[in-house]
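**Student:** In terms of the numbering used here, the sequence shown opens at residue 129 and continues consecutively.
Honestly, I wouldn't trust all of these hints.
Claimed, not checked - Here are the in silico distance ranges between beta carbons for each label pair:
1. M374 <-> S537: 25 to 31 angstroms
2. D699 <-> S187: 27 to 33 angstroms
3. L465 <-> F420: 23 to 29 angstroms
4. S207 <-> R312: 56 to 62 angstroms
5. D811 <-> S187: 48 to 54 angstroms
6. S207 <-> I480: 53 to 59 angstroms
7. K580 <-> D699: 41 to 47 angstroms
8. I720 <-> M460: 54 to 60 angstroms
9. F744 <-> I381: 19 to 25 angstroms
10. T186 <-> F744: 33 to 39 angstroms
11. S205 <-> L140: 23 to 29 angstroms
12. T449 <-> V164: 44 to 50 angstroms
Said to hold, decoys possible - Restricting the straight-line Cα-Cα distance to at most 20 angstroms, the calculated cross-link-like pairs of lysine-lysine (PhoX-like) are:
13. K441 <-> K395
14. K394 <-> K760
15. K194 <-> K155
16. K155 <-> K142
17. K142 <-> K398
18. K194 <-> K142
19. K145 <-> K395
20. K319 <-> K346
21. K194 <-> K319
22. K155 <-> K145
23. K142 <-> K132
24. K545 <-> K534
25. K271 <-> K346
Don't read these hints as lab results, they were simulated from the structure. For clarity, every value in this text was computed on a predicted model and none was experimentally measured. Think of the CB as a built atom: it goes at the ideal place given N, C-alpha and C, for glycine as much as any other residue.
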Amino acid sequence: MIEKLEQYNAVLEKVIKELQNQSGPGKLHENSLLLVMGDHGQTLNGDHGGGSPEEVETSIFAMSFKDLPSLPSEFDSSSCEPSKNICISSIPQLDFAVTVSSLLGVPFPFGSIGRVNPELYALAVCTWNLDDDKTWNNQDQTKLEEWLQNYANVLCINSWQVKRYIDVYSASSVIGFSSEDLFRISDLYSKADENWSYTKNLSSYKNGSSNTSLPVLKRQIVAYSNFLSYVAELARSKWTEFNLKMMGTGIGIMLLSLYCHTLAIKKLNKSYGVSLLSSRDSGISFGLMLTFFMVLIRAGSLLSNSYILKEGKAANFLLATTGIMTLRYSFMKNKMLIEAAIFLLLTFIFRIAIEVGLYKQAATSQFMSSSSSWMLGISISQSLWTYMAEIMPILALIVLGYFLYKSISSCCWGIPKYVIMGTILCYFLVALHWISESNILDLAHFLKGFGKNCIPRTVYAITLVQLSLLAIVPMFCKEETSNCRGSLFVKMMSILSACSSTIIILQGKQGALVALGSLLAGYCMMRLQGIEQHTVSGTAGISILDPLPVLQWSLLAVCLLFASGHWCAFDGLRYGAAFVGFDEFILIPQAILLTIDTFGFSHILSVFGLPLFVAFPSSFNQTEHKSLFPIKLFWIFMVYGLITAITAAATILCVTIQRRHLMVWGLFAPKFVFDVVGLILTDLLIFVASIYYFNGLEDRIGNAELRRLW
Numbered sequence: 129m130i131e132k133l134e135q136y137n138a139v140l141e142k143v144i145k146e147l148q149n150q151s152g153p154g155k156l157h158e159n160s161l162l163l164v165m166g167d168h169g170q171t172l173n174g175d176h177g178g179g180s181p182e183e184v185e186t187s188i189f190a191m192s193f194k195d196l197p198s199l200p201s202e203f204d205s206s207s208c209e210p211s212k213n214i215c216i217s218s219i220p221q222l223d224f225a226v227t228v229s230s231l232l233g234v235p236f237p238f239g240s241i242g243r244v245n246p247e248l249y250a251l252a253v254c255t256w257n258l259d260d261d262k263t264w265n266n267q268d269q270t271k272l273e274e275w276l277q278n279y280a281n282v283l284c285i286n287s288w289q290v291k292r293y294i295d296v297y298s299a300s301s302v303i304g305f306s307s308e309d310l311f312r313i314s315d316l317y318s319k320a321d322e323n324w325s326y327t328k329n330l331s332s333y334k335n336g337s338s339n340t341s342l343p344v345l346k347r348q349i350v351a352y353s354n355f356l357s358y359v360a361e362l363a364r365s366k367w368t369e370f371n372l373k374m375m376g377t378g379i380g381i382m383l384l385s386l387y388c389h390t391l392a393i394k395k396l397n398k399s400y401g402v403s404l405l406s407s408r409d410s411g412i413s414f415g416l417m418l419t420f421f422m423v424l425i426r427a428g429s430l431l432s433n434s435y436i437l438k439e440g441k442a443a444n445f446l447l448a449t450t451g452i453m454t455l456r457y458s459f460m461k462n463k464m465l466i467e468a469a470i471f472l473l474l475t476f477i478f479r480i481a482i483e484v485g486l487y488k489q490a491a492t493s494q495f496m497s498s499s500s501s502w503m504l505g506i507s508i509s510q511s512l513w514t515y516m517a518e519i520m521p522i523l524a525l526i527v528l529g530y531f532l533y534k535s536i537s538s539c540c541w542g543i544p545k546y547v548i549m550g551t552i553l554c555y556f557l558v559a560l561h562w563i564s565e566s567n568i569l570d571l572a573h574f575l576k577g578f579g580k581n582c583i584p585r586t587v588y589a590i591t592l593v594q595l596s597l598l599a600i601v602p603m604f605c606k607e608e609t610s611n612c613r614g615s616l617f618v619k620m621m622s623i624l625s626a627c628s629s630t631i632i633i634l635q636g637k638q639g640a641l642v643a644l645g646s647l648l649a650g651y652c653m654m655r656l657q658g659i660e661q662h663t664v665s666g667t668a669g670i671s672i673l674d675p676l677p678v679l680q681w682s683l684l685a686v687c688l689l690f691a692s693g694h695w696c697a698f699d700g701l702r703y704g705a706a707f708v709g710f711d712e713f714i715l716i717p718q719a720i721l722l723t724i725d726t727f728g729f730s731h732i733l734s735v736f737g738l739p740l741f742v743a744f745p746s747s748f749n750q751t752e753h754k755s756l757f758p759i760k761l762f763w764i765f766m767v768y769g770l771i772t773a774i775t776a777a778a779t780i781l782c783v784t785i786q787r788r789h790l791m792v793w794g795l796f797a798p799k800f801v802f803d804v805v806g807l808i809l810t811d812l813l814i815f816v817a818s819i820y821y822f823n824g825l826e827d828r829i830g831n832a833e834l835r836r837l838w
């Protein structure tokens, strides 16, 4: 740091020397003013984004190359050293924009409420001298009067602009200022304006004495300064002060809800014999401890703006950490080594996808320009990567469709079978839609008109019909099966397949790849759940549940948000997704499509995919009674909601602590909005998923048992 400061100090010395050499009468820099400033300071530790004085204050260096007459002492707050030709003062950053605007002769910024700084203004127009004891002559008096007149004119325009802004703000703002504050502002401005009329009339007389005009001009400047100072102080009190009581109340309510949420899970565990303890030594399981520390680490990371910017990478790192621990247990038991290795490989792939997603350049044909040829539009001169970017998403759709087809042939019946068949049809339409947008295949020429809007709208319509069937038909038709796991799996596949086609077509070509990756990751988590636990023998009615897979699923949801090209900022929304299938802006459809695109993978599919950990038996615990299936599902929903709520509470607490941070409105506040909206959406989706999955369970586990659960 010392070396860098010395380097720039040498640069500054060269600039000053050049200006001095060309600052004589008639030379290039006769009327130049040198300004050197910083945008923020920093602490001794290098922090520069917080609200401490060391961080929010910075330095400004101003230098004029003329002999300057004296500035009136009432307008000069600096401490000068005449022997060194140096004066040290301070200027509110609020005043900088209007001061530089006045020096450049450009209009004041409309939203500025600062005051033109008299010291910088005097330095620029050559009316400031370091020698305060100098005896003034008539020429100096004339120059001083001229400067005061000019400065009063500038403050007049400055005050008019501030008054205009306050009027517009008060008329358009929901909160605005109180009537008393507005009356006080109007009163100060009216008095200054009336005094200005008298001052202008006095200065219009050519024979006016300087002894008379100087005090009048000074009083006028003081009147405008009082008005501007009052507005600035009022704005600081209204705009930079936070209602700590309301913020504390909100945090208290959030913490109370977390406490109630935790008590509900504890009561559920106690009522149904669910245990989070290790069956070997009745101690706290490693999975529970790891889950606790992972949630704590992620919550603490939200205090840093850097970690919020890299939230996807941080979540991926934590997910990979849990994968390494799972791989360790796989080696210890010599089981599920392939699943553990595949899971770690997927976390690495998601890490790359997150990096690409931050640039909104997921695997699409936009990587490189392409041209067609006579044979299937494939040109040898084109990069292999371009063809892979076109073909890989379609191959991913084929794999997803094949998986759905196998699920139909093995365990699907009735309405779910037709729902999944509809999804396979949608996948075919999505592939046609991508081909219609491709520049590689000549087939795109025949689909240009049809594929742009008709195919997406057809997919939306099929999805709406699928969801309607899944919601309405179970009310009138009861399932005749005693296989709880099979029924739960069919329901899960039906709802996930129905939602997936719309989400994939909105996401673009990376959507199919993200969906396939999340499916493989979920399969590995399902197979590896409970690997840390030891089989319970001779313990009837006890089910040991591991929260680690739920945490992994939550971290995977965060990774999916960032891997699909989103991030927690308003410019992280993919607004183009709202116009897939539409050429014109229609508020409600576009809002729905944008919401589905933003929260599709990270919230909708993640919540409805939670039964994955119940629908398949754990490879390490095959003795669960069927009555524990809905209890385990309900417990998973509760734990997933608790993890999401803890993250949102941590965000609320962090944005409160960092309310003075430099990035509070650019980073912390958008993160707060996204997490709160995500929490509300998660709770709503868990409620809907509970109704969907628990409907019909009374025929298989008994009405009394289900009523007790609710």
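**Student:** Take the hints in turn and mark each one as holding or not.
**Tutor:** Hints versus structure:
Judged by the Cβ atoms, the range 25 to 31 angstroms given for M374 and S537 is violated: they are separated by roughly 58 angstroms. Checking the proposed 27 to 33 angstroms range against D699 and S187 shows it holds: the Cβ atoms sit about 32 angstroms from each other. Restraint check, L465 to F420: a C-beta distance of roughly 27 angstroms satisfies the suggested window 23 to 29 angstroms. One distance hint, 56 to 62 angstroms for the beta-carbon pair S207 and R312, is violated here, with the actual separation near 33 angstroms.
Look at D811 against S187: about 49 angstroms separates their beta carbons, and that is inside 48 to 54 angstroms. For S207 paired with I480, a C-beta distance near 58 angstroms keeps the hint of 53 to 59 angstroms intact. The hinted range of 41 to 47 angstroms is not satisfied by K580 and D699, whose Cβ atoms lie roughly 26 angstroms apart. Between I720 and M460 the Cβ separation comes to about 48 angstroms, which falls outside the hinted range of 54 to 60 angstroms.
Checked against the hint of 19 to 25 angstroms, the C-beta distance between F744 and I381 comes to roughly 38 angstroms, which is inconsistent with it. Distance hint check for T186 and F744: the Cβ-Cβ separation is about 59 angstroms, which falls outside the suggested range of 33 to 39 angstroms. Taking the beta carbon of each, S205 and L140 are about 25 angstroms apart, inside 23 to 29 angstroms as hinted. Range check, T449 to V164: Cβ separation about 47 angstroms, and the 44 to 50 angstroms hint holds.
For the hint pairing K441 with K395, the CA-to-CA distance comes to about 35 angstroms; that exceeds 20 angstroms, so the pair is violated. Restraint check: the Cα-Cα separation between K394 and K760 comes to about 13 angstroms, which is no more than 20 angstroms; the hinted pair holds. For the proposed pair K194 and K155, the alpha carbon gap of about 12 angstroms is at most 20 angstroms, so the pair holds. Between K155 and K142 the CA atoms are separated by roughly 18 angstroms; this keeps the pair inside 20 angstroms, and the hint holds.
Taken as a hint, the K142 and K398 pair is broken in the structure, with Cα atoms around 77 angstroms apart against an allowance of 20 angstroms. The hinted pair formed by K194 and K142 meets the criterion: a straight-line CA distance of about 19 angstroms does not exceed 20 angstroms. Proposed proximity of K145 and K395 is contradicted: the alpha carbons are some 78 angstroms apart, above 20 angstroms. Restraint check for K319 and K346: the C-alpha separation of about 15 angstroms stays at or below 20 angstroms, so the hint holds.
For a cut-off of 20 angstroms, the pair hint linking K194 to K319 is broken: about 37 angstroms separates their Cα positions. At most 20 angstroms may separate the alpha-carbon atoms for a hinted pair to count; K155 and K145 meet this at roughly 14 angstroms. The hinted pair formed by K142 and K132 meets the criterion: a straight-line CA distance of about 16 angstroms does not exceed 20 angstroms. Pair hint K545 plus K534 holds up; C-alpha atoms about 11 angstroms apart against a cutoff of 20 angstroms.
With a CA separation close to 14 angstroms, the supplied pair K271 and K346 stays within the 20 angstroms bound.
The structure is inconsistent with the numbered hints 1, 4, 7, 8, 9, 10, 13, 17, 19, 21, although it conforms to all the rest.
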